[in-house]
Amino acid sequence: MADAKAPPVERGAPAIAYALAGLGALLLLWGSYWGLMLAPKEAYMGDVQRIMYIHVPTAWNAMLALTFAFGCALAFLLRGDWKWDARLEAAMEVGVTLSLLLCMQGSIWAKPTWGVWWDWDPRLTTTAVMVFAFSGILALRRFVDDPVKRAVWSSVAAIVAYVDVPIVYFSVKWWNSLHQMQSTPQTVSSAFHWPLRINAFGILFLMFGLISLRARLATLRLQSELGPPSPKPVAQYVPAGATGDTR
Amino acid sequence: MHLAAALHKDVLLQWRGRAQVVAIFVFGATSLLLFSFAIGPDSAALRQHAAGFIWLALLLSSTLTLADSFHSEMEERALEGLLLLPVSPGALYYGKALANWAQLSFLGICLVPVMVVLYDAFTTRFLGLVGIILLGSAGLSAPGTLYAAMTSQARAKQTLLPLLLFPIVVPVLLASVKATSLLILGDPMGQIRSWALLLVSFDLICWSLSGLLFGRVVED
Numbered sequence: 000m001a002d003a004k005a006p007p008v009e010r011g012a013p014a015i016a017y018a019l020a021g022l023g024a025l026l027l028l029w030g031s032y033w034g035l036m037l038a039p040k041e042a043y044m045g046d047v048q049r050i051m052y053i054h055v056p057t058a059w060n061a062m063l064a065l066t067f068a069f070g071c072a073l074a075f076l077l078r079g080d081w082k083w084d085a086r087l088e089a090a091m092e093v094g095v096t097l098s099l100l101l102c103m104q105g106s107i108w109a110k111p112t113w114g115v116w117w118d119w120d121p122r123l124t125t126t127a128v129m130v131f132a133f134s135g136i137l138a139l140r141r142f143v144d145d146p147v148k149r150a151v152w153s154s155v156a157a158i159v160a161y162v163d164v165p166i167v168y169f170s171v172k173w174w175n176s177l178h179q180m181q182s183t184p185q186t187v188s189s190a191f192h193w194p195l196r197i198n199a200f201g202i203l204f205l206m207f208g209l210i211s212l213r214a215r216l217a218t219l220r221l222q223s224e225l226g227p228p229s230p231k232p233v234a235q236y237v238p239a240g241a242t243g244d245t246r
Numbered sequence: 000m001h002l003a004a005a006l007h008k009d010v011l012l013q014w015r016g017r018a019q020v021v022a023i024f025v026f027g028a029t030s031l032l033l034f035s036f037a038i039g040p041d042s043a044a045l046r047q048h049a050a051g052f053i054w055l056a057l058l059l060s061s062t063l064t065l066a067d068s069f070h071s072e073m074e075e076r077a078l079e080g081l082l083l084l085p086v087s088p089g090a091l092y093y094g095k096a097l098a099n100w101a102q103l104s105f106l107g108i109c110l111v112p113v114m115v116v117l118y119d120a121f122t123t124r125f126l127g128l129v130g131i132i133l134l135g136s137a138g139l140s141a142p143g144t145l146y147a148a149m150t151s152q153a154r155a156k157q158t159l160l161p162l163l164l165f166p167i168v169v170p171v172l173l174a175s176v177k178a179t180s181l182l183i184l185g186d187p188m189g190q191i192r193s194w195a196l197l198l199v200s201f202d203l204i205c206w207s208l209s210g211l212l213f214g215r216v217v218e219d
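Chains as they are written, first to last, in numbering that gives the first Met the number 0: chain F, 0 to 246; chain E, 0 to 219.
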């Protein structure tokens with residue numbers, strides 16, 4: 000059972016979060032410059048391949064954000080600590096945004112390479128399913144006013160959605176498969192390693208900076224919902240005109 | 000014992016509201032009729048897509064069945080009364096999910112003749128088709144009952160249930176459509192078994208996970 004007391008908001012949190020996000024953005028700029036300007040052109044795909052430097056790190060971090068969301072959901076159900084609810088909301092929002100970006104980058108790459116914007120391959124379809132499943136949970140959070148029910152239900156739904164991901168992946172894999180091999184530093188030439196790694200850490204830092212800032216916002220909202228109501232003058236609750244002499 | 004009592008309550012509720020089941024069947028049959036207009040009068044194409052259409056009709060109908068299943072529990076705080084009884088929430092969940100499974104399977108089996116007539120999609124392996132409908136309906140009712148318990152207490156419940164349920168049941172839809180299609184169009188490679196296995200695995204995971212989590216959904 001969740002404690003009916005909101006967690007305190009740390010005073011130093013935004014400074015660290017802003018620093019993390021700033022460092023991430025700088026790394027992302029550096030890695031992208033390296034990938035676009037300095038890294039050699041790929042032999043078969045040419046310049047189109049350069050989207051890999053942002054696409055692959057986005058994929059890793061999107062998965063990481065949603066795995067973190069799953070961990071937060073489990074932690075909230077087991078511990079009942081509100082900070083995990085705030086982190087769950089933040090991680091799901093950032094994870095959905097990254098997954099959506101992933102689908103868009105994939106489409107931009109697929110059009111010149113495969114000749115189509117979309118293909119029903121396992122990873123693409125699973126990412127799309129993840130976007131819809133977690134967007135549904137974010138929508139659920141908007142339509143539930145009671146903070147306890149909102150936290151428990153979204154944790155339960157996040158666990159079910161996350162457990163569903165591998166089944167979706169395998170079912171679509173059986174259904175149809177076309178996607179190229181997964182790109183990791185082991186499967187790409189060493190000349191492409193550095194921009195890939197720099198961007199991966201860039202997105203990682205940016206992601207945790209954003210999750211931390213968003214979790215802080217969620218905590219502030221929880222404090223206003225769970226805290227004692229502020230005393231207001233009685234006149235504020237009386238409709239206008241109700242107290243006047245009507246004769 | 001508790002499960003039997005919970006199941007009895009839910010089956011009785013469904014029996015008393017059987018007019019609703021008839022209305023949902025008419026909705027499913029109407030969907031099947033409308034889907035054919037998306038393809039045109041090409042009988043070969045209609046037959047090829049019949050499996051997809053019957054499962055889409057059942058999926059759309061399932062949101063009505065599932066959303067309605069918690070209606071009476073929400074009236075006059077009946078759910079709170081049920082939770083005060085010395086019954087585990089698991090028994091309440093499995094009673095409701097089994098009743099929903101029965102209703103969805105019945106609905107699916109009733110939609111088969113409509114599919115056969117409209118799409119000329121006849122199969123002699125009727126028992127196999129019933130088996131796939133049973134497995135597919137179980138995959139829809141387990142997460143559906145869990146989500147219906149949540150959304151029935153939320154605002155915009157009509158929108159939220161399909162929004163939460165549809166992405167989760169993608170494997171059920173895929174496996175059921177493929178297996179049904181193989182039954183109708185023939186299965187020279189013997190692939191039905193693997194799709195049925197996928198359905199069984201999904202059902203096992205969803206029925207156990209949802210039963211575990213249901214207590215938290217209704218207790219807090």
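Since the hints were derived computationally from the structure, they do not count as laboratory data.
Remember, predicted model here, so these are calculated numbers, not experimental data.
Misleading hints may appear alongside valid ones.
To be verified - Derived lysine-lysine pairs resembling DSBU-like cross-links, with alpha carbons at most 35 Å apart: (1) F:K40 to F:K172; (2) F:K148 to F:K82; (3) E:K8 to F:K40; (4) F:K172 to E:K8; (5) F:K40 to E:K156; (6) F:K40 to F:K148; (7) F:K82 to E:K8; (8) E:K8 to E:K156; (9) F:K148 to F:K110.
Now for the hints, and whether the structure bears them out:
1. F:K40 to F:K172: This hinted pair holds, its Cα atoms lying about 31 Å apart.
2. F:K148 to F:K82: Cα-Cα ~15 Å, so holds.
3. E:K8 to F:K40: Violated, because 68 Å separates the two Cα atoms, which is more than 35 Å.
4. F:K172 to E:K8: violated (41 Å)
5. F:K40 to E:K156: violated (52 Å)
6. F:K40 to F:K148: violated (53 Å)
7. F:K82 to E:K8: Cα-Cα ~40 Å, so violated.
8. E:K8 to E:K156: holds (23 Å)
9. F:K148 to F:K110: This hinted pair is violated, its Cα atoms lying about 43 Å apart.
Of the numbered hints stated above, those contradicted by the structure are hints 3, 4, 5, 6, 7 and 9, listed in ascending order.
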